[in-house]
Amino acid sequence: MGGVQSFREMCDRTKNTNIRLSLPAVCVVWEIAMIILFGVFIRYNWESDAHWAESKHNLSDIENDFYYRYPSFQDVHVMIFVGFGFLMTFLKRYSFGGVGFNFLIAAFGIQWALLMQGWFGSLDYSDGKIKVGVENFINADFCVAGCLIAYGALLGKVSPVQLLVLTLFGVTLYATHKNNSGPFFFTLNARDAGGSMVIHTFGGYYGLAISWMLYRPNLDQSSRLQGSKYHSDVFAMIGTLFLWMFWPSFNSAIAGHGDGQHRAFINTYLSLAATVLTTFALSSLFQKHGKLDMVHIQNSTLAGGVAVGTAAEFMLTPYGSLIVGFCCGVLSTLGYVFITPFLEKHMKIQDTCGIHNLHAMPGFLGGVVGAITAAAASDTVYSHEGLVNTFDFKDEFKDMVPTVQGGHQAGALCVALIFGIGGGILVGAVLRLPIWGDPADDNCFDDEAYWEVPDDEENIIPNIQYNNHMQNKDV
Amino acid sequence: MGGVQSFREMCDRTKNTNIRLSLPAVCVVWEIAMIILFGVFIRYNWESDAHWAESKHNLSDIENDFYYRYPSFQDVHVMIFVGFGFLMTFLKRYSFGGVGFNFLIAAFGIQWALLMQGWFGSLDYSDGKIKVGVENFINADFCVAGCLIAYGALLGKVSPVQLLVLTLFGVTLYATHKNNSGPFFFTLNARDAGGSMVIHTFGGYYGLAISWMLYRPNLDQSSRLQGSKYHSDVFAMIGTLFLWMFWPSFNSAIAGHGDGQHRAFINTYLSLAATVLTTFALSSLFQKHGKLDMVHIQNSTLAGGVAVGTAAEFMLTPYGSLIVGFCCGVLSTLGYVFITPFLEKHMKIQDTCGIHNLHAMPGFLGGVVGAITAAAASDTVYSHEGLVNTFDFKDEFKDMVPTVQGGHQAGALCVALIFGIGGGILVGAVLRLPIWGDPADDNCFDDEAYWEVPDDEENIIPNIQYNNHMQNKDV
Amino acid sequence: MGGVQSFREMCDRTKNTNIRLSLPAVCVVWEIAMIILFGVFIRYNWESDAHWAESKHNLSDIENDFYYRYPSFQDVHVMIFVGFGFLMTFLKRYSFGGVGFNFLIAAFGIQWALLMQGWFGSLDYSDGKIKVGVENFINADFCVAGCLIAYGALLGKVSPVQLLVLTLFGVTLYATHKNNSGPFFFTLNARDAGGSMVIHTFGGYYGLAISWMLYRPNLDQSSRLQGSKYHSDVFAMIGTLFLWMFWPSFNSAIAGHGDGQHRAFINTYLSLAATVLTTFALSSLFQKHGKLDMVHIQNSTLAGGVAVGTAAEFMLTPYGSLIVGFCCGVLSTLGYVFITPFLEKHMKIQDTCGIHNLHAMPGFLGGVVGAITAAAASDTVYSHEGLVNTFDFKDEFKDMVPTVQGGHQAGALCVALIFGIGGGILVGAVLRLPIWGDPADDNCFDDEAYWEVPDDEENIIPNIQYNNHMQNKDV
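Protein chains in written order, with UniProt numbering: chain A, 1 to 475; chain B, 1 to 475; chain C, 1 to 475.
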């Protein structure tokens with residue numbers, strides 16, 4: 001054990017992972033800033049304010065938006081914290097970091113997201129306040145999802161301080177480019193209820209670009225830890241299943257009341273079901289002896305939810321959803337088999353969780369499906385009132401027609417891509433500064449770097465081997 | 001390690017578990033068939049169609065069925081995928097298969113269930129379409145539950161291709177015999193909100209009959225793997241608890257709006273609470289030194305939910321629910337102690353998860369309780385309007401009286417039993433064909449057969465022993 | 001292995017942990033008592049009775065209280081069974097006891113809680129019946145939460161029979177002191193939607209007082225088991241996250257319809273988010289090398305939810321919630337670092353899970369915050385109607401003013417504290433009787449005492465060592 005210890009100490013000297021000052025400083029300073037900014041800007045909206053009793057007029061209490069959206073919100077919340085968190089516990093010695101840092105950056109990001117999305121969206125110019133209700137909190141969770149996706153590419157290779165920086169910038173980029181209120185006229189009124197574009201395409205390419213900037217040529221030094229073990233794979237299935245089950249809530253959480261939410265749930269449910277079958281099929285097909293690979297089952301089964309994100313609230317039709325899910329299971333599994341190794345070998349992109357196959361590609365596909373479905377919308381299929389409701393062709397957009405809407409959807413997809421890649425390169429450059437306490441190459445994927453890890457059987461085994469060696473020598 | 005390897009290879013030669021062609025073929029062909037059939041038959045219903053805005057008349061958006069049922073649907077969904085899935089991770093080396101194949105067959109079955117239940121139920125004869133909304137998706141999950149129960153009896157002994165066949169036929173049998181729209185006049189209008197009969201009795205006996213047909217006299221060759229270990233038992237508790245907690249949602253998910261759902265939740269909650277106490281009591285009583293057995297805690301605590309499935313929406317009364325739960329905890333635990341060993345030894349039924357004790361017996365009891373409760377219903381207890389609502393005494397059934405209803409309930413129970421046993425024998429005969437890639441007797445309960453399993457400490461331990469042996473020899 | 005066996009047998013002789021008679025007897029007798037008492041007292045309320053169809057007048061089915069509260073109820077239910085249960089799996093060899101006994105006492109307690117809270121609250125004097133609906137079941141879960149908190153202090157040191165006694169008295173004390181209907185005039189109408197006072201302060205000090213009465217001077221004899229291991233820490237994170245995610249539902253579950261529930265969710269969400277940041281900050285700050293400690297992450301991150309329990313439904317303002325959460329993360333983490341060791345060393349209070357830091361202190365703080373917020377309420381901030389709704393200034397309390405309300409809140413906090421400490425001392429005295437089958441000092445924190453534990457790698461390892469020793473000797 002002594003040799004291991006001293007070797008590790010030497011590494012610690014080379015690369016200092018001590019975050020005793022930086023992490024507390026960032027967290028405390030930032031939280032104080034949040035308190036001040038919330039004090040200045042954030043107020044309850046009319047549905048959560050005690051004045052509701054007076055102001056609700058003829059609405060029943062049950063028509064408070066809370067009852068439309070809270071069950072979906074809680075499902076989304078579970079996806080963010082348990083879904084993403086446990087999906088990242090699959091590494092044999094990085095489960096604490098997977099679920100713990102996911103927890104930290106999500107809790108950090110949602111506060112900043114409320115402010116950023118408020119300033120760029122629901123700021124009330126009459127009194128300079130942001131009025132928040134349940135929908136804002138769903139959007140905050142959505143916004144953080146983009147950053148957690150990016151974390152997936154970097155899992156095990158960065159320090160928690162770097163993750164906080166990633167989240168700070170990620171949320172900022174997300175809120176500025178988000179299409180409805182985006183900065184570009186050709187993305188105006190783009191719809192993206194389930195975030196194929198703004199969450200998955202943006203988050204995926206943001207993470208990949210950062211990973212490219214932080215390329216580690218000698219990462220194979222910690223290859224002994226870059227795999228799963230039996231129980232960590234079962235833990236990861238907790239994440240997979242909660243993501244899979246609640247994805248219909250994710251895609252329907254901010255869809256229109258009534259038929260909008262109802263339809264978004266149906267499309268997502270069906271797409272996900274189809275993806276499971278093609279994922280199992282391709283996983284078996286591409287492994288020797290036809291054995292299934294847990295990496296595919298844990299990840300590719302979810303790609304169908306990503307790919308109907310944009311179109312879920314549209315009249316995609318049930319069989320249309322199955323087709324999207326079918327293709328995504330194939331695409332995503334092929335990605336794990338062929339594209340991830342290619343990216344690592346030839347493009348210098350090390351993608352720990354394979355977010356390219358689960359989020360980036362399916363997200364892009366989802367944006368395309370959304371643009372086509374929007375462009376093909378018609379009064380016959382939606383009814384006139386339905387078309388107006390679904391695409392929000394009201395007020396300033398009352399003259400919008402489906403084909404133009406399709407164009408704006410495509411524009412929003414391009415913007416998500418550009419913000420993801422461009423933002424990732426910029427943030428990656430910041431994260432290369434040697435001040436963030438990231439681990440050395442041979443120290444990656446190891447919870448020892450940032451956590452007090454309890455001794456257990458695994459630490460005992462080398463011990464036994466060592467002792468045996470000694471004993472036998474003595475003899 | 002070499003000896004183990006070559007022995008296993010020899011077995012592989014005898015029984016080929018390679019599913020590289022059959023699994024992908026079945027999945028892909030089937031999914032394409034689904035896409036075509038969905039294209040022909042499945043459409044959004046009026047509550048999930050964009051025409052809702054025009055057609056909803058005086059309904060508020062919040063009165064869309066989505067808001068009545070979606071929270072319950074999500075709970076049911078969790079039970080199907082996490083509940084059943086994790087309950088089956090308890091074996092020491094079959095956790096991947098437990099949770100993974102559960103995932104596969106559930107995702108496969110729900111699609112087929114939407115079609116089958118549509119054809120036998122909600123098919124709109126005016127345009128030949130099945131109009132689906134949230135209630136259809138709950139029913140699809142319910143339908144799959146029967147097949148997952150059957151899987152419990154076969155856990156570790158069958159190939160994924162066999163499971164897909166089991167599910168295909170199971171869903172078909174379920175949809176054809178399901179009582180409301182069943183093929184027999186004496187089961188017409190039978191109520192079974194929580195599925196004691198159609199899900200648990202049917203599914204339980206279906207699985208047991210298949211297991212009887214697939215009897216393996218030499219299964220003791222893999223007895224080393226037919227047990228749990230510490231952590232796999234904790235994983236299984238995740239399944240147990242999610243099933244236990246969400247069972248009130250299961251039994252109330254498709255009950256009548258308002259008091260029906262409210263009452264079904266109360267009855268199930270109380271029955272389950274009582275079951276926990278008697279399960280702990282009997283588990284301790286029948287083990288030496290009074291120690292508790294995880295098998296009982298993981299399974300028998302749930303029997304109370306099964307047994308109030310049919311009667312949950314009736315006026316069973318709170319203390320009536322407690323009585324049902326009390327009896328079920330006793331019955332189910334005694335089943336694990338006495339009946340499962342008896343079935344294995346004398347009846348050639350090998351029941352890996354003990355579904356006879358958790359589903360088949362309690363389901364049958366639930367059918368009986370339901371028939372009695374229905375027959376005893378009266379205007380005094382229900383009010384006239386309440387009676388009509390609860391038992392749907394409308395239209396063609398407006399002349400139905402409680403005693404006749406009780407008879408129909410009993411008829412439906414018999415039909416479930418017959419379809420379960422008869423269907424199981426037929427499907428079992430199909431599954432005995434030597435083409436499905438099932439594992440050899442000494443290869444059962446082992447994920448190695450169908451999964452890429454990561455190396456971990458367990459594989460290291462024999463290694464150490466082997467090395468020590470060598471080293472000592474050398475000395 | 002032989003030596004260990006015989007030593008353990010000797011201990012068993014000294015302290016008998018055989019509960020083969022006591023546990024079944026208590027469970028069965030008690031459950032029969034429940035059935036009788038439910039038969040006499042408990043009935044469906046008007047919203048869950050089949051008469052609803054006749055009695056609902058102009059209400060839509062969706063306005064049944066079920067739809068307002070059931071999603072929150074299910075979240076609370078998950079917190080009680082999975083949240084508390086898995087949070088207590090962190091010990092390396094007490095995961096069965098953690099999650100299993102939690103399951104037992106919660107299922108036991110909710111039945112007694114329905115009766116006790118009915119007698120002291122919703123008993124209908126016209127017919128002597130308690131009419132139950134969804135809100136009663138939420139309150140039953142709440143009531144049990146207090147007992148589960150107390151269990152946290154005693155984890156691993158008591159027998160299941162002791163836990164049932166603890167729960168029986170705990171529920172009784174809870175229901176008698178609970179403020180709205182409490183026995184003291186100066187606590188009348190005290191509001192405590194999230195239970196900072198009645199659940200956390202009471203439950204926390206109740207458990208600590210019992211632990212003080214059951215002080216074990218030689219507990220260090222089982223210090224080898226009083227820690228976590230890698231996987232048990234990940235299991236505990238399941239508990240942490242489900243508690244953290246669903247705490248907004250906990251605090252809003254019984255708040256007023258409409259804006260009340262909406263606001264309670266917002267305040268809790270924000271407070272919890274802030275707590276996560278300060279917990280990570282202080283955990284890193286107080287460990288050598290700045291490493292994070294899983295104990296803090298698993299527990300202190302939740303303190304923010306406790307501390308806004310009382311004030312969550314008030315107009316605490318979003319930034320006010322952040323401030324409360326900020327302080328609680330600091331306070332709770334400092335508690336783990338300094339106060340828990342102090343309590344154990346100098347006060348003879350052995351607090352296995354650190355409930356003083358997670359529940360007792362933050363609960364007390366929450367009571368203070370609630371009293372201040374209530375006293376500061378005004379027509380301007382709430383609107384007149386909002387004030388009446390929020391604080392229930394109706395009927396007998398129509399002349400109540402905020403300052404007096406603040407006084408009553410403070411009174412309720414004192415009563416919770418006194419009932420907790422006083423009740424704990426009394427119950428602790430009962431639990432010291434030598435009849436309950438509690439484990440010997442060197443047998444604590446070990447599932448072997450009450451569970452059939454499967455053999456696994458851990459039992460193999462010492463075996464190897466032993467064999468090696470033998471082999472080497474032979475040589």
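Hints are computed from structural coordinates only; laboratory data are not their basis.
Please read these numbers as outputs of a predicted model, since none were measured by experiment.
One or more of the hints may lead you astray.
Since the list can't tell identical chains apart, any single copy or any two copies may satisfy a pair.
Pairs of lysine-lysine, DSSO-like flavour, derived with a Cα cap of 30 Å [stated by the list, open to error]:
hint, residue 1, residue 2
1, Lys348, Lys15
2, Lys56, Lys129
3, Lys56, Lys15
4, Lys288, Lys15
5, Lys15, Lys291
6, Lys56, Lys345
7, Lys394, Lys288
8, Lys345, Lys398
9, Lys398, Lys348
10, Lys131, Lys345
11, Lys56, Lys398
12, Lys348, Lys394
13, Lys15, Lys394
14, Lys394, Lys345
15, Lys348, Lys56
16, Lys56, Lys394
17, Lys291, Lys129
18, Lys288, Lys56
19, Lys348, Lys131
20, Lys291, Lys56
Verification of the hints:
no. : hint              : result
1   : Lys348 <-> Lys15  : within (22 Å within a copy, 44 Å between copies)
2   : Lys56 <-> Lys129  : within (20 Å within a copy, 36 Å between copies)
3   : Lys56 <-> Lys15   : neither (59 Å within a copy, 65 Å between copies)
4   : Lys288 <-> Lys15  : between (40 Å within a copy, 17 Å between copies)
5   : Lys15 <-> Lys291  : between (40 Å within a copy, 15 Å between copies)
6   : Lys56 <-> Lys345  : neither (60 Å within a copy, 57 Å between copies)
7   : Lys394 <-> Lys288 : neither (56 Å within a copy, 59 Å between copies)
8   : Lys345 <-> Lys398 : neither (50 Å within a copy, 72 Å between copies)
9   : Lys398 <-> Lys348 : neither (47 Å within a copy, 71 Å between copies)
10  : Lys131 <-> Lys345 : neither (48 Å within a copy, 49 Å between copies)
11  : Lys56 <-> Lys398  : both (27 Å within a copy, 23 Å between copies)
12  : Lys348 <-> Lys394 : neither (47 Å within a copy, 69 Å between copies)
13  : Lys15 <-> Lys394  : neither (57 Å within a copy, 65 Å between copies)
14  : Lys394 <-> Lys345 : neither (50 Å within a copy, 69 Å between copies)
15  : Lys348 <-> Lys56  : neither (57 Å within a copy, 55 Å between copies)
16  : Lys56 <-> Lys394  : both (23 Å within a copy, 20 Å between copies)
17  : Lys291 <-> Lys129 : neither (57 Å within a copy, 39 Å between copies)
18  : Lys288 <-> Lys56  : neither (64 Å within a copy, 55 Å between copies)
19  : Lys348 <-> Lys131 : neither (44 Å within a copy, 50 Å between copies)
20  : Lys291 <-> Lys56  : neither (59 Å within a copy, 51 Å between copies)
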